[in-house]
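Asks: Residue numbers (this note's numbering), protein chains in the order written: chain A, 145 to 442; chain B, 145 to 442; chain C, 145 to 442; chain D, 145 to 442.
Note that these hints are calculated values from the structure, not bench results. Heads up, a few of these hints could be off.
When chains are identical, the list treats them as one kind, so a pair holds in a single copy or across two.
[Claimed, not checked] Distance condition first, Cα-Cα at most 27 Å in a straight line; then the derived BS3-like pairs of lysine-lysine:
#1 K326 / K170
#2 K209 / K326
#3 K425 / K216
#4 K425 / K254
#5 K425 / K235
#6 K425 / K209
#7 K326 / K425
#8 K209 / K347
#9 K326 / K254
#10 K235 / K388
#11 K347 / K388
#12 K209 / K170
Number of protein chains: 4
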Amino acid sequence: MDLAGVFPALTTPFRGDGSVALDQFKANLARYNQTRLAGYVVLGSTGESVLLSSAEGESLLAAGKEAAAPGKLLIAGTGAESTAETIAKTKRAAALGYNAALIKTPYYYKPAYGPDTYLHHYRAIADASPIPVLLYSVPIFTGITLETPEIVALAQHPNIIGIKDSTGSIQRVVEVAAQAPKDFQILTGSAGVFYAALVSGAKGAILALASALPEKCVELFELFQSGRQSEAQSLQQQIALASKAIVSSGGIAALKHVMDIRGYHGGLPRLPLLPLAESRKSHITQVIAQFEPVAARA
Amino acid sequence: MDLAGVFPALTTPFRGDGSVALDQFKANLARYNQTRLAGYVVLGSTGESVLLSSAEGESLLAAGKEAAAPGKLLIAGTGAESTAETIAKTKRAAALGYNAALIKTPYYYKPAYGPDTYLHHYRAIADASPIPVLLYSVPIFTGITLETPEIVALAQHPNIIGIKDSTGSIQRVVEVAAQAPKDFQILTGSAGVFYAALVSGAKGAILALASALPEKCVELFELFQSGRQSEAQSLQQQIALASKAIVSSGGIAALKHVMDIRGYHGGLPRLPLLPLAESRKSHITQVIAQFEPVAARA
Amino acid sequence: MDLAGVFPALTTPFRGDGSVALDQFKANLARYNQTRLAGYVVLGSTGESVLLSSAEGESLLAAGKEAAAPGKLLIAGTGAESTAETIAKTKRAAALGYNAALIKTPYYYKPAYGPDTYLHHYRAIADASPIPVLLYSVPIFTGITLETPEIVALAQHPNIIGIKDSTGSIQRVVEVAAQAPKDFQILTGSAGVFYAALVSGAKGAILALASALPEKCVELFELFQSGRQSEAQSLQQQIALASKAIVSSGGIAALKHVMDIRGYHGGLPRLPLLPLAESRKSHITQVIAQFEPVAARA
Amino acid sequence: MDLAGVFPALTTPFRGDGSVALDQFKANLARYNQTRLAGYVVLGSTGESVLLSSAEGESLLAAGKEAAAPGKLLIAGTGAESTAETIAKTKRAAALGYNAALIKTPYYYKPAYGPDTYLHHYRAIADASPIPVLLYSVPIFTGITLETPEIVALAQHPNIIGIKDSTGSIQRVVEVAAQAPKDFQILTGSAGVFYAALVSGAKGAILALASALPEKCVELFELFQSGRQSEAQSLQQQIALASKAIVSSGGIAALKHVMDIRGYHGGLPRLPLLPLAESRKSHITQVIAQFEPVAARA
């Protein structure tokens, strides 16, 4: 399975009454299908998966499978705190036709967790999973970082095919690219260092920003592929500033706001995530406006 | 509702096949009923609540209600990431006869959360809850600390009656005792500073250690009540060293091991929590042995 | 040497031209001499020692010796990054008649430092020092925390008589009191937990706040000594709020401002420390005003 | 002044009696003069500057000026905690013929410092300095990170020509390259992300590792210049692993050990920095051995 390219971490649209809007979710996918995105991540952090019930999560997985164009790879976020529950969720995703599972580290009992925990947890899951497994290290949310030694050790497992690393550390991309088996695939989760990750050995990216600006993210990937370094550096700057203004500073509420501006179904996040403050909206509108000439170029 | 005294954060025993051992859970309670513990916390962090299914959680709540002696206050851990799910769980706990709900902060989207998030979240829950609410700040697990300003603001709500503060900060106990309404009740979650918390204005404690050493924790509380400062200081030292060796260094696996030593149903934790390493067991046995003469004195 | 009681961490007054105002420094001491402070700390963190030249530091040590009333213990801050320079400074302080040296941890090369570093550093200093040595752990400035095991190990050295612990951790006070030799003296550096530290085994405190409010700090110590717990708890609350508003939120600039209000020579800090923002002054004036009725009681 | 290329952060050799070995320092420079290094940094963090007296520091600056080949740019580390002392040191470096001053952030009073502090501090220095100023952000040692907004603001000053950013963050390189004036020069301080920094807009690097492996660092820079991406990626991997094994894990003691292996004057660090543990030496020898074939290729 070749993960080269850009995967958006899909958002979950909600109706006014708070219920999941599956039709809007599918409408977003219909538009994404027109792009050169490599596939989709359903139930990632950006999808507010920790705020959804199990039933809601499964309905989104089913809708994603139904709406995705042929050829788009489907990755399901199936990580739970418990090893057993993670395995159960991963099996359900496989049964629904997903191509791979993206599994965040467990994180609640962090003082008790260590490299041994992660090795045991991921190996048990990879052994049991009918589909390939991607590690997922996202310390801004979990407080847990997968370090190079445990990544490299887990990369030996035949059913662990890669990692989404959302730490933004290029040092780690370089280290893992140097030490893991050649077919282990690194995806960055940080739009602001996407190009640096690619020149350092990453295969692609899973990006929240790609839910709002898929074409720009794909364009950066393709500039890398065609070796146009100067244009890539310039587009990376725009993407980094946009990602910082939207995703880093405003989170999911801001990302959904930009999706609304750009004609997708964004909407409001679920509580306890608060709606975007009005004061932030004008700043974000400005950032996006600066961005559009480039978007138009695409 | 008077929360003065000691509440153990109850553990969840599992069978060899990984299922919840409700009978063992109730047997533990039967022994605790013989002590002067003020009540019980079911489904707290120590109860591995994040590793349980909803059904397992409800069965434990029901078993706790059934097994607790009359007069023992029952507190249910009902915090979930989503505000709506937290409310739903709190209502179920109330329906099962629980006296109060202990609600940890939401924590996954920490870069997007702030004081406004916590104010909105807890007020929505307290408005909807049929039973009184206790805030719960436990940054070693969540990465989120409730600071004095938001605690004091939330303490004004008539249905928010107190806080379990597991930060170990006595500065915060002093500040909250100074600034919150007089009937707002502070419980510390740190056995090592229990006595300091009491002399600083706390009403009691919710302690993991009290699942293994309930009598010693109660004894410390009673030494405080009777003003025996020198004996309290001395017992506090023993408890602090035991708590550090067991709870801080070994986590739930070590706590359950000590419970086994002391005749309770401890057992193994659920994965990804690993069993206690053999190398740690001898150290812990030593710590406990030093402790027993004091236990015998009780 | 008995360190029981309160030591202010003395500030360094500067003239308008930026030079050290030794006369003002001595005038402050003349007033402090009228109180029941146990002694003085010269060249501590509060004294802006890292902003002074060696010559300025020595002139302050000499002035302190000259101005202190008989019976007041004199403690010199002599910690430098280099072990050799620390020894040299400590010898000079001893030659000037100081009773003890307060030596902060080295901290610049923190990734390379560890318990071994601290053991080696402090033992070399204590071996060479003509006067007793106090450890000093102040992570808010240094990023380095002395943990219980190294404190307890160093406490065995005959020329290491105690520690100033500015972490605010009461857990560590309890642990060290339990494990260090009985004559090892713990001084807290945190005004907000002074009373809790005392009931947990500390002997006294070295407090920035005591440069502005010496009588109140001494009063709290004496309430502890006479076992008046309820009054102590109440005064501790006032001191904690004052300390937070002044020292924690405003730093040295705010402390000096309060000294000015209370008739001491405070003045401005040295750059890069900026003068207190006007917007903070009114808040601090309010905090102090609330405090004065208690001060009057003293 | 064009800072493109590689600058080693020079080490300070000591004799057995602990004194600075100026002759060894100059002998190292004589060898470095044979390489295509762009210049030298004297009195940086790697030079153990915080462990040197003022007189020792000045003697090193003079020796560096004397020994450097014509055309090698000379950068002096002149940052002190006090603004005034930093200005004085910078003027002395200028008088000794240095081309630029590298000035680390102040850091001791970190709770009192903020963006305003850094803006005021650096502007006062840049106004007073006869030579251009480089910002220096090195949180592993200082605990202080210069963030993009203050870097961009300071980059407007005509006498602030660049920054050494040792955070390893490529996100920040991208942001600063996007927002600072075009002639503001970014140097990375992290060997492991050197290539990523270059493709993201950095001009060069100041590297501790370049004191031991100058040719390899220069080779990477030149592979970037000639657009040989695949070879660059491969050499970057080797450099990253070497840098991690030596600089990140072993610090100055390990770096000096590798210098000894490679025929430079390394020697021991000054206390409290401890000599490299024997157990680490064999690991480092292994890392270097893997590296030599590539070194030979150069």
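Asks: With reference to the structure, classify each hint as holding or not holding.
Replies: Checked hints:
{"no.": "1", "hint": "K326 / K170", "result": "neither (36 Å within a copy, 44 Å between copies)"}
{"no.": "2", "hint": "K209 / K326", "result": "neither (30 Å within a copy, 47 Å between copies)"}
{"no.": "3", "hint": "K425 / K216", "result": "neither (33 Å within a copy, 50 Å between copies)"}
{"no.": "4", "hint": "K425 / K254", "result": "between (35 Å within a copy, 20 Å between copies)"}
{"no.": "5", "hint": "K425 / K235", "result": "neither (40 Å within a copy, 36 Å between copies)"}
{"no.": "6", "hint": "K425 / K209", "result": "neither (33 Å within a copy, 49 Å between copies)"}
{"no.": "7", "hint": "K326 / K425", "result": "neither (44 Å within a copy, 29 Å between copies)"}
{"no.": "8", "hint": "K209 / K347", "result": "within (24 Å within a copy, 46 Å between copies)"}
{"no.": "9", "hint": "K326 / K254", "result": "neither (31 Å within a copy, 35 Å between copies)"}
{"no.": "10", "hint": "K235 / K388", "result": "neither (35 Å within a copy, 39 Å between copies)"}
{"no.": "11", "hint": "K347 / K388", "result": "both (22 Å within a copy, 23 Å between copies)"}
{"no.": "12", "hint": "K209 / K170", "result": "within (10 Å within a copy, 45 Å between copies)"}
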